[in-house]
Amino acid sequence: MTEATGGIEMEEGVGGKVKKFLYVNRKAPYGTIYALESLEVVLIAAAFDQDVSLAFLDDGVYQIVKGQHTKPIDVKNFSPAYRALEGYDIEKLFVEKESMEARGLKEEDFIVPVKVIGTQEMTDLMQSQDVILSF
Amino acid sequence: MPITVAGKTVETDEEGYLANRTDWSEEIAKEMAKVDNCDLSQNHWEVINFLRQYYDEYQIAPAVRVLTKAIGKKLGPDKGNSKYLYELFPYGPAKQACKYAGLPKPTGCV
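Protein chains in written order, with our numbering: chain A, 4 to 138; chain B, 146 to 255.
Careful, some of the hints might be misleading.
The following label-pair restraints were derived from C-beta to C-beta distances [claimed, not checked]:
{"#": "1", "chain 1": "B", "residue 1": "Glu159", "chain 2": "A", "residue 2": "Val78", "range": "17 to 27 Å"}
{"#": "2", "chain 1": "B", "residue 1": "Asn194", "chain 2": "A", "residue 2": "Pro75", "range": "38 to 48 Å"}
{"#": "3", "chain 1": "B", "residue 1": "Ala151", "chain 2": "A", "residue 2": "Ser137", "range": "49 to 59 Å"}
{"#": "4", "chain 1": "B", "residue 1": "Glu202", "chain 2": "A", "residue 2": "Ile47", "range": "41 to 51 Å"}
{"#": "5", "chain 1": "A", "residue 1": "Asn80", "chain 2": "B", "residue 2": "Ala164", "range": "16 to 26 Å"}
{"#": "6", "chain 1": "A", "residue 1": "Thr122", "chain 2": "B", "residue 2": "Val180", "range": "51 to 61 Å"}
These aren't lab readings, by the way, just hints derived from the structure by calculation. These numbers come from a predicted model, not from an experiment. Glycine residues also receive a C-beta, built at the ideal position from the N, C-alpha and C atoms.
Could you put the whole structure together from the sequences, leaning on the hints where they help?
Right under this line is the structure:
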């Protein structure tokens, strides 16, 4: 019995090789379902013990911005859930510097610790992955 | 199936999770447990209250693995293990305890 599978017995070796997964988030948190769906997939897939990273580019950087007030648009503010990622052992969060700066944001504006990287580093990061899921 | 406690009826989804989290009360938790033939002890409440706090902070119900780890951190290794939690909540600690805590079903639970 392993903690990782929540007590469900799993055959040794069935999981195979650990793959590098990158979830790319490019859209604003509200108005479309992409951001929330991406987060849900990340949380569900966390059970599979893969090497997971998240990238925030373009309007996707707004997903993790502090102080989201969603009452007036009558949707749930799900941004606190990004702070739960650490408990799911997902700690590699990257923000593209150019996207962040173009929106007047700084590293301190995010609700979770992130690594800010430039476009070139982001390209390298993407090239080093086994699987990229784009939202 | 709606639940009626002390003359007040609250809505649930088809699996018995509260439709509206703000309807929750300890009495509702007890009533849900009674339906499952489960008598809520101090140990059950510890987990239920933990889940409510977790949801307040993160706006999600944790996966069982995450719950187990977090309980271990807060209440010690005697309680932060699958065996202990499954004994308390035989239908699955995340699923069953979340229901009693008035939370939605944990993300990823089928």
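**Request:** For the range 49 to 59 Å, tell me whether the beta carbons of Ala151/B and Ser137/A fit it or not.
**Result:** With Cβ atoms ~50 Å apart, the hint holds.
**Message:** Taking 51 to 61 Å as the stated bounds, is the beta-carbon spacing between Thr122/A and Val180/B within them?
**Reply:** Check passed, 56 Å falls within 51 to 61 Å.
**Prompt:** Okay, Glu159/B versus Val78/A on CB: inside 17 to 27 Å?
**Reply:** holds, 24 Å
**Asked** Is the hinted range of 16 to 26 Å satisfied by the C-beta distance from Asn80/A to Ala164/B?
**Response** holds, 20 Å
**Message:** For the hint 41 to 51 Å, verify it against the beta carbon of Glu202/B and that of Ile47/A.
**Reply:** Given a distance of about 20 Å, which is not inside 41 to 51 Å, the answer is violated.
**Message:** Verify the CB-CB distance for Asn194/B and Pro75/A against the hinted window 38 to 48 Å.
**Reply:** violated, 32 Å
In this structure, the earlier hints numbered 2, 4 are contradicted, and the remaining ones agree with it.
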